[in-house]
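Q: We have chain B already, so just place chains V and Z on it with the hints.
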Amino acid sequence: MSAGLLATSPGGDVLVAAIVVPVIGILLLWLVRPRAVEWVALAALLANLGVAVAVLRTVSSSAAPVAYLIGGWQPPLGLALRADGIAAVFMAMAATVLVPVAIYARGAFGAPGERRPMVFWTMLLAITAALNLIFCGQDLFNLYVALELLTFAAVPLVSLDGSRETLKAALRYLVFALAGSVLYLLGVAIIYGAYGTLDLIGLASIRGPDGALLLAIGVMTAGLAAKTALFPLHLWLPPAHAGAPPAASAVLSALVVKGSFFIALRLWFDLLPPERAVAGSTLLGVFGAAAVIIGSAMALRQARLKLLVAYSTVAQLGYLFLVFPLGLGSGAAPFESTAWTAGALQLMAHAFAKAAMFMAAGLVYEAIGHDRIAEFRGLGRIAPLTVLTMTLASISLMGLPPSGGFSAKWLMLTAAFGEGAWWWVLVIAAGGLLAAGYVFRILVPAFTPPEEPIARVKPVVVRREAAALALAVIAILIGFLPLAPWPLLAIGRIAAGAP
Amino acid sequence: MPDAALSPFAPLLLALASLFPLALLALTLAAPGFRPRLATLLWLAPLPGLMAAVFAQGAIVSLPTPLALGLMLDRPGALLLGSAALIWCAAGIAAPAWWGEKLRSLPYQAWWLATLAGSMTVFIAADVVTFYLAFSLVSLAGYGLVTRDGTVAALKAGRVYFALAVTGEAFLLSGFVLLALGAGGETRIAAIVAALPSAPRMAPALVLVLLGLAAKLGLVPLHLWMPPSYGAAPYPAAAVLSGAAVKAGVIGLVRFLPYATPTETLGIALAAAGFFSAFFGVAIGLTQRHPKHVLAYSSISQMGVIAAVAGLSLAAGRAAGPTEIAFYGLHHVFAKGGLFLALAALSMTGNRGRAALLWPAAIVALGIAGLPLTGGALAKLAIKDALGSGWAKTLGSLSAVASTVLMLHFLTLATVMRSRDASAVAPVALRAAWWGTALASLALPWLLFPSVGGSLAATVAPQALYELGWPILAGGALFALLRLWRNRPSLPPGDILAIIRTGEPWLARLSNGVAAIEGFLTDWTVAGAVLLLLALALAGAML
Amino acid sequence: MSLAPLDAATLYGLMGAILVGLGLYGVVLLGGFLRRLLAFNLLGGGVFILFGVVARRGAGAGFGGDPVPQALVITGIVVAFCATALAITLIERLTEEDGDDPSGGGS
Numbered sequence: 001m002s003a004g005l006l007a008t009s010p011g012g013d014v015l016v017a018a019i020v021v022p023v024i025g026i027l028l029l030w031l032v033r034p035r036a037v038e039w040v041a042l043a044a045l046l047a048n049l050g051v052a053v054a055v056l057r058t059v060s061s062s063a064a065p066v067a068y069l070i071g072g073w074q075p076p077l078g079l080a081l082r083a084d085g086i087a088a089v090f091m092a093m094a095a096t097v098l099v100p101v102a103i104y105a106r107g108a109f110g111a112p113g114e115r116r117p118m119v120f121w122t123m124l125l126a127i128t129a130a131l132n133l134i135f136c137g138q139d140l141f142n143l144y145v146a147l148e149l150l151t152f153a154a155v156p157l158v159s160l161d162g163s164r165e166t167l168k169a170a171l172r173y174l175v176f177a178l179a180g181s182v183l184y185l186l187g188v189a190i191i192y193g194a195y196g197t198l199d200l201i202g203l204a205s206i207r208g209p210d211g212a213l214l215l216a217i218g219v220m221t222a223g224l225a226a227k228t229a230l231f232p233l234h235l236w237l238p239p240a241h242a243g244a245p246p247a248a249s250a251v252l253s254a255l256v257v258k259g260s261f262f263i264a265l266r267l268w269f270d271l272l273p274p275e276r277a278v279a280g281s282t283l284l285g286v287f288g289a290a291a292v293i294i295g296s297a298m299a300l301r302q303a304r305l306k307l308l309v310a311y312s313t314v315a316q317l318g319y320l321f322l323v324f325p326l327g328l329g330s331g332a333a334p335f336e337s338t339a340w341t342a343g344a345l346q347l348m349a350h351a352f353a354k355a356a357m358f359m360a361a362g363l364v365y366e367a368i369g370h371d372r373i374a375e376f377r378g379l380g381r382i383a384p385l386t387v388l389t390m391t392l393a394s395i396s397l398m399g400l401p402p403s404g405g406f407s408a409k410w411l412m413l414t415a416a417f418g419e420g421a422w423w424w425v426l427v428i429a430a431g432g433l434l435a436a437g438y439v440f441r442i443l444v445p446a447f448t449p450p451e452e453p454i455a456r457v458k459p460v461v462v463r464r465e466a467a468a469l470a471l472a473v474i475a476i477l478i479g480f481l482p483l484a485p486w487p488l489l490a491i492g493r494i495a496a497g498a499p
Numbered sequence: 001m002p003d004a005a006l007s008p009f010a011p012l013l014l015a016l017a018s019l020f021p022l023a024l025l026a027l028t029l030a031a032p033g034f035r036p037r038l039a040t041l042l043w044l045a046p047l048p049g050l051m052a053a054v055f056a057q058g059a060i061v062s063l064p065t066p067l068a069l070g071l072m073l074d075r076p077g078a079l080l081l082g083s084a085a086l087i088w089c090a091a092g093i094a095a096p097a098w099w100g101e102k103l104r105s106l107p108y109q110a111w112w113l114a115t116l117a118g119s120m121t122v123f124i125a126a127d128v129v130t131f132y133l134a135f136s137l138v139s140l141a142g143y144g145l146v147t148r149d150g151t152v153a154a155l156k157a158g159r160v161y162f163a164l165a166v167t168g169e170a171f172l173l174s175g176f177v178l179l180a181l182g183a184g185g186e187t188r189i190a191a192i193v194a195a196l197p198s199a200p201r202m203a204p205a206l207v208l209v210l211l212g213l214a215a216k217l218g219l220v221p222l223h224l225w226m227p228p229s230y231g232a233a234p235y236p237a238a239a240v241l242s243g244a245a246v247k248a249g250v251i252g253l254v255r256f257l258p259y260a261t262p263t264e265t266l267g268i269a270l271a272a273a274g275f276f277s278a279f280f281g282v283a284i285g286l287t288q289r290h291p292k293h294v295l296a297y298s299s300i301s302q303m304g305v306i307a308a309v310a311g312l313s314l315a316a317g318r319a320a321g322p323t324e325i326a327f328y329g330l331h332h333v334f335a336k337g338g339l340f341l342a343l344a345a346l347s348m349t350g351n352r353g354r355a356a357l358l359w360p361a362a363i364v365a366l367g368i369a370g371l372p373l374t375g376g377a378l379a380k381l382a383i384k385d386a387l388g389s390g391w392a393k394t395l396g397s398l399s400a401v402a403s404t405v406l407m408l409h410f411l412t413l414a415t416v417m418r419s420r421d422a423s424a425v426a427p428v429a430l431r432a433a434w435w436g437t438a439l440a441s442l443a444l445p446w447l448l449f450p451s452v453g454g455s456l457a458a459t460v461a462p463q464a465l466y467e468l469g470w471p472i473l474a475g476g477a478l479f480a481l482l483r484l485w486r487n488r489p490s491l492p493p494g495d496i497l498a499i500i501r502t503g504e505p506w507l508a509r510l511s512n513g514v515a516a517i518e519g520f521l522t523d524w525t526v527a528g529a530v531l532l533l534l535a536l537a538l539a540g541a542m543l
Numbered sequence: 001m002s003l004a005p006l007d008a009a010t011l012y013g014l015m016g017a018i019l020v021g022l023g024l025y026g027v028v029l030l031g032g033f034l035r036r037l038l039a040f041n042l043l044g045g046g047v048f049i050l051f052g053v054v055a056r057r058g059a060g061a062g063f064g065g066d067p068v069p070q071a072l073v074i075t076g077i078v079v080a081f082c083a084t085a086l087a088i089t090l091i092e093r094l095t096e097e098d099g100d101d102p103s104g105g106g107s
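For the protein sequence lines, the chains are B, V and Z, in the order given. Per the working numbering, the very first residue in the first sequence carries number 1; after that it's consecutive. Per the working numbering, the very first residue in the second sequence carries number 1; after that it's consecutive. Per the working numbering, the very first residue in the third sequence carries number 1; after that it's consecutive.
Don't read these hints as lab results, they were simulated from the structure. Do not rely on the hints blindly, as some may be mistaken.
20 angstroms max Cα-Cα, derived DMTMM-like pairs, lysine to aspartate or glutamate [to be verified]: (1) V/Lys156 x V/Glu504; (2) V/Lys102 x B/Glu451; (3) V/Lys156 x B/Glu451.
Isolated chain B (complex conformation) (with noise of 0.2 angstroms):
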C-alpha cells in the first residue's frame, strides 16, 4: 500500500479551515445578538471564499494537489483531506455562489431573532462545510458522514415557511434521500468487507476489477443518483425546489444536488476499472438523457416559474450524467478529458444560471405578488434588472455564446462527435431546442409591453437584484474560457487505470 502513502503538503493546513470556518461561524451565530446574526454568516462566507481561493491558488501554482493528514494519521487509519484541481474548482465555484445568495438573503426570512433566519443561516453554513467536505473527503465513510450532513442541512431550508405543502416535500426529499444513502452504505460495507480500507487512494492502488467492487459501485451509484435526483429519481426535486424560499431554492438547486453527483464522479472516475465501466456508464447515459428530454418538456408544461426552473433542473442535471458515457465510455484518450472538462463546466454555468434564475423568480414573485408565467407582460417595465438576470441566465441555460453552458454544449458536442457517439449528439441538440423553448416562453412575456399597467406589488431591493445579476454575470463570463480541455481540472487527478 506503499503507493497510498500521503503527507501534509504545504498550506495542506488550509482545508482544514475551510472545513472548521463554516463550524465556527455556525457556532457564533447563536452566540451574537439577533441583530448581528447575518453579519456573522456573510463574513464567516466571505471567510469560506478566502480560503477556498487561497486552495484553488495553491492547486494552481504548484501543479499539485494540496492534502492534510487529520491528526499526522495515515490512511487507512487515519482520515486524509486533500484538494485535487477539481476539488479546488468546486469549492471556488460553491463558495463564489454562496455569497452573493447570502447577500439577497438578508432580511429576506423576516426579523433578527426569530426561528426562521436562524434556520436559514445555520443551514446555509452547515451546508457550506458538508459540500468543502465532499469536495475534499477521500474516504468513503468519511464522505457519507458529509452526505448526510449536506441533507440534514438542506431538508429544514425546504420547510422553511413552514406550510403544509413544504412539510410534505421535505419529507418526501428526506425519507427518499435516506433510501439512497442507505444504499451508498450498503456499498462501503461491501468495499470494506472486500479490501479492509476505505480511502479513495489505497483503494485505487489495490482494486482490480473484482465483483464486490462492481456491485458495491452499482449500489452506490443508485443511492447517489437518488440524491442526485437523476430522472427518474427525481420525485422529490419538484416540489422541494419550486416550494422552498427563493435563497434557499439558490443553494439547493445549484448546490445541494451537486454534492452527491461529485461522489459518483469520484467513484467512477478514480476508483472504478475503466474498463468495466462501459455498459453501467452507458445506462447512466441513458437516464441522463431521459432527464434532458422529459425534464425540459415538463418545464416547457408549467404554468408557474419556480416550477418551470424547478424542471429545468431536472434536465440540466439530465446533462451531468452524458459525462459518463462521453468520458469513460470509448476511452478514447483526448475526448476523455474533454467531457470531463466540459461536465465541469456545465457543472458550474449550471450552478450560478440557475442560482440567479431561482433569485431572480423570487424577485418576480415580490414583485408582482405571484409567479404565472401567463401573466409576466410588462415584467421588463417594472423589475428591468431582474429581467435582465432571467436573460443572461438563460442565455447560458439554452447555450448561446458566449455563457459557461454554450462553452459546455460545445465541449460536450466535441467529445460526442470525438468518440463518434452521434446518439449524444441528437440528445445534447435536442436538450438546447427544448431549452430554448421554455426559456422563450418566460421572457417573451416579460419583454412585451403591457396592455395595461401591471401593478407592483412591493419595489424590488437593488441590492438583492444586484446579487441576483452577479451570479448571472459570473456564468457568462465562464464562456470566456478557452474551448479546450482545462488543464487545471486534471491536477492530482487519481489516474485511471494505474495499477
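A: Relative to chain B, chains V and Z alone:
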C-alpha cells in the same frame, strides 16, 4: 486581400461596426431619457459598418489569446456588410416615419439594435464562435421585429420563426463543432476551411452547417417561417429582415464551403436544393394575395438561386464563387429591402404621387429577374460563369423567366395598395428611403462590378442583352397568359405550414403523454422500485 | 445433503440481509411517512449488522473483531438517529398542520 495602405484605424472601424449598435443598445437600456432622441437617430447605428465596408477591407481584429474571438473583413464580406449597412440605414430613416411615436419606446429600439448588431457582426466574424453568436443574435432578436405589431397573427408567425431559427442554430452548432474537430480544435474560420479537404468527417459537418444555413435562407422545406414572418412584420422590419438579416445565411455559404477543392456530390445536391427552392418559391408565390407574401416567396426563390450558384461553384471548385455570391446577394439586399420600403410608402399614399413610387418599383422588381441595364442584370451576369453552359444555364434562364412572372404578379398587387385617405402622401423620409434604396440597387452594382472582376463593356454587348432580355419577354408573355386563368388557387402564406399546423393537437397529446409518464414515475412506489432496479442494473451491467 | 452448522458470521449476515430486505420492502411499498421511516430504520439496522459481520470476518492480531467497522457503525447509528429525529419532527409538524391524518400524510 490585405491592403498595403490599410489605415491604422481600420481594425477600430471593424470593431465599431459590431460594437456601436451594442453601445447604443446599452444606452437605450440604461438611459430612458435618450430614447426619444435615438428614435430619430437609428439610421446612424449602421454607419460604422458602412465605413468599415468601404475603408477597412483586409482588417483583422483578434482578442488576446484566452478569448478566442476575432473579426476580419474580406471582399465578399465587405460587399454584404456595406449593402446590409445601407439598407439598415435606409430602414432606420423610414422607421420613424412608419412607427411615429411608438419608436420612442424601449422594445422597438432594443430589438432593432440587437438585430442590427448581429447582422453587422455576422459578416465580419473571423471564428466560428463569434459567427454563431452573431448568427444567433440576428436570428433571435429578429423575433422581436417580427412580432412588433403584437397581433395574434404576428405572435403565431413569431413562434414559427423562433422554432425554425432555433432548429437552424442547433444544426449550425453541431456542424461547427464537427468542423472545429476536423481542424484539431481550431475555431478560426480560415483555418477550419483550410483543413476541410483533409478533415475526416467533412461531408457530415458541411451537411449540418448547410442545414443550419438553409433554415436562415429559407430553402424549401425550411422556408416555412419566411412568408408568415414577413407578412406579420411591419414594413421597415420586413425590409431589414429580408434585405439584411437573411444574408447571414449567404455569408455562411461564402465562409464555410471549401471552394478551392471541387466537391462534386455535395455541390450538386446543394445546387439541386437551390434550384428546387427557386422554382417552388415562384410557383407558390403566384398563389399569394398580399404583396408582402409575394416578396417573401421571391426571397425564397432568390436565395434558392444563390444556394444553387454556391453549389455549382463548390462542385466545380471555382475560387471566384464567394465573390459572385456576395455580389448577387448585394443586389438582393437593395432590391428586396427596397421593395418593402416601397410598399410602406404606397400604403401611406392616396391618389397623388403614386407613379413616382411605382415606376422605380417596377424597374427594381424586374431587376430581380435580370432586366438589362439594371443592377440586377449585373448580378445575373456575375453568376453567369458559375451556371456554365449546360443544364444549369438553362435552369438559370428559366428561373429568370419565373422571377419575371412573380415580379409582375407582385407589381399588379402593389398598384392596388393605397392609403384609405385619398389625399394622403407618404412622409418624405419614407419616400426618400425608398428612392435612395432603389438608386442603390440600380447604381451600386455598376460601381462595384469591375472590382469583382466583371467587365462593364460586356454587359452592354448584344449577346448579354439577348441572354438577359429574352427571359423577361418570355416571362411577360407567360404572365399575360396566366392572367387569363381566372380562378387561380390561393394558398395560405407558409403553404405546407397549414398542413403541419394540423399536427398541433398531436403535439399537445405528446406533451400530455410526457406528463402522464412523469406522473407515473413520480409515484413513490414506482420511484422506489426504479431505485432498486437501477442499483441492480448498474451492478449487473458492470459485472 | 447435510446442513453445515452456521457459523456466527454467516448467521448474522443472513439476519442482516433479511433486515435489509424487510426494510426495502417497507420503504418502497408502505404508505405513510411514519411507516417508511420505521422501515428505513430496519434497513439501516440490517446494514449495520453487515458491518458487524465484516468486522468479525476481518478479525486479526488477537482481536475479537476489526475495530474500524465498529467505529463506523457507531457513527452510522448516530447519523441514523439524527435522520430519524429530523423526520419525526417533520412528521409531527405535518400532523399538526393536518390535524385529522395521524398516519403522517399520504405519499
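Q: Can you give the numbers of the hints that this structure goes against, from lowest to highest?
A: Result: no hint breaks.
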